[in-house]
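A.B. asks: Since the structure of chain A is provided, determine the placement of chain B on it from the hints.
The listed protein sequences derive, respectively, from chains A and B. Residue numbers for the first sequence follow numbering that gives the first Met the number 0, so the first one is 0 and each next one is one higher. Residue numbers for the second sequence follow numbering that gives the first Met the number 0, so the first one is 0 and each next one is one higher.
Hints are computed from structural coordinates only; laboratory data are not their basis. Don't take every hint at face value.
Unchecked claim - Straight-line Cα separation of at most 27 Å, DSSO-like style, residue types lysine-lysine; simulated pairs:
| # | chain 1 | residue 1 | chain 2 | residue 2 |
| --- | --- | --- | --- | --- |
| 1 | B | K55 | A | K82 |
| 2 | A | K48 | A | K18 |
| 3 | A | K18 | B | K18 |
| 4 | A | K82 | A | K18 |
| 5 | B | K55 | A | K18 |
| 6 | A | K55 | B | K18 |
| 7 | A | K43 | B | K43 |
As the list claims (entries may be wrong) - Just so you have them, the derived chain B footprint on chain A, three or more residues with Cβ under 8 Å:
| # | stretch |
| --- | --- |
| 8 | 47-56 |
| 9 | 80-88 |
What the hints assert, rightly or not - Selected chain A positions facing chain B (in silico; Cβ < 7 Å):
| # | residue |
| --- | --- |
| 10 | F9 |
| 11 | R11 |
| 12 | V67 |
| 13 | Y68 |
| 14 | T71 |
| 15 | I75 |
| 16 | W100 |
All residues carry an ideal CB built from backbone N, CA and C; glycine is no exception.
There are 2 protein chains.
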Amino acid sequence: MNEFEMCPRFERAVDVLSKRWVALIVFVLMQGPRRFGEIEGCLKSLSGKVLSDRLKEMEQEGIIQRTVYPETPVRIEYSLTDKGNALAPILGEISNWSSEWIELEALK
Amino acid sequence: MNEFEMCPRFERAVDVLSKRWVALIVFVLMQGPRRFGEIEGCLKSLSGKVLSDRLKEMEQEGIIQRTVYPETPVRIEYSLTDKGNALAPILGEISNWSSEWIELEALK
Chain A
0 MNEFEMCPRF
10 ERAVDVLSKR
20 WVALIVFVLM
30 QGPRRFGEIE
40 GCLKSLSGKV
50 LSDRLKEMEQ
60 EGIIQRTVYP
70 ETPVRIEYSL
80 TDKGNALAPI
90 LGEISNWSSE
100 WIELEALK
Chain B
0 MNEFEMCPRF
10 ERAVDVLSKR
20 WVALIVFVLM
30 QGPRRFGEIE
40 GCLKSLSGKV
50 LSDRLKEMEQ
60 EGIIQRTVYP
70 ETPVRIEYSL
80 TDKGNALAPI
90 LGEISNWSSE
100 WIELEALK
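Only chain A is shown next, with the shape it has when bound in the complex:
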């Protein structure tokens, strides 16, 4: 299984993406830049505290950027970077797989 040894990048990518909420936040931002409250409104059962932590981590990871517009009141928006936008094909394949293989009856 030496193939495995050779894929530290793959392991790291799985690490980044499999952190709870990350893929769903990316999915929301694929629609365009969003304010904190807008993202929060899209993701039920995600607390503000956790969303705040995730956004910081994703910014640090270079997946999203935080833009402050000096208006009154100040407007802050989160958007995908190029690295974040490059996740689109992964989400697309997850969407394909889920359409084919996830049974709606199995959902609560």
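C.D. replies: The following block gives chain B in isolation, referenced to the frame of chain A:
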């Protein structure tokens, strides 16, 4: 953000895939059927207890199957089902993304 309301399948798929170790176990089994010890040997820092739990969950999810060969000693192998094999394009896209965007220097 009504798009989000409409994707319970997508949310469920993300849930399944983002569970720690699942994607990596699928990646290992893409190479072919493997015994418990062989999977364990591929995934450093994964304990036998956690691997055992994950394999049960993945079997219940219909992603992998457990086959018992009545030899002496008994041989038990884990392999991907059709549903599990259908994850290949997702892993492929993660691999593409990681090759392009994950910096090796950033890895410990």
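A.B. asks: So, for every hint listed, does it hold in this structure?
C.D. replies: Evaluation of the provided hints:
A distance of roughly 34 Å separates the Cα atoms of B:K55 and A:K82; the hinted pair therefore is violated under the 27 Å criterion. A distance of roughly 15 Å separates the Cα atoms of A:K48 and A:K18; the hinted pair therefore holds under the 27 Å criterion. A C-alpha spacing of about 8 Å is found between A:K18 and B:K18, which places the hinted pair at or below 27 Å, so the restraint holds. At most 27 Å may separate the alpha-carbon atoms for a hinted pair to count; A:K82 and A:K18 meet this at roughly 17 Å.
Distance check on the hinted pair: B:K55 and A:K18 sit about 21 Å apart at the alpha-carbon level, within 27 Å; holds. Note on A:K55 and B:K18: the hinted pairing holds, with a Cα-Cα distance of about 21 Å set against a maximum of 27 Å. For the given pair, A:K43 sits about 34 Å from B:K43 by alpha-carbon distance, which is inconsistent with the 27 Å threshold. Counting residues of the stretch 47-56 of chain A whose CB lies closer than 8 Å to any CB of chain B gives 0, so the stated coverage by that chain is violated, three being the minimum.
Under a criterion of three residues with beta carbons nearer than 8 Å to beta carbons of chain B, the stated coverage of the stretch 80-88 of chain A is upheld, 4 such residues being counted. The criterion of a C-beta within 7 Å of any C-beta in chain B is met by A:F9, whose closest approach is roughly 5 Å, and the hint holds. Restraint check, A:R11 versus chain B: the minimum CB separation of about 5 Å is within 7 Å; hint holds. Contact between A:V67 and chain B, as hinted, is not supported at the beta carbon level, the nearest pair being about 22 Å apart and thus beyond 7 Å.
Given the 7 Å rule on beta carbons, the hint for A:Y68 is violated: about 21 Å separates it from the nearest Cβ of chain B. The restraint placing A:T71 at the interface with chain B is violated, with a minimum CB-CB distance near 26 Å, outside the 7 Å limit. Below 7 Å, beta-carbon pairs count as interface contacts, and A:I75 has none with chain B, the closest being about 18 Å; its hint is therefore violated. Taking 7 Å as the C-beta cut-off, the interface hint given for A:W100 holds, the closest approach to chain B being about 5 Å.
Comparing the model with each numbered hint stated earlier shows that hints 1, 7, 8, 12, 13, 14 and 15 do not hold.
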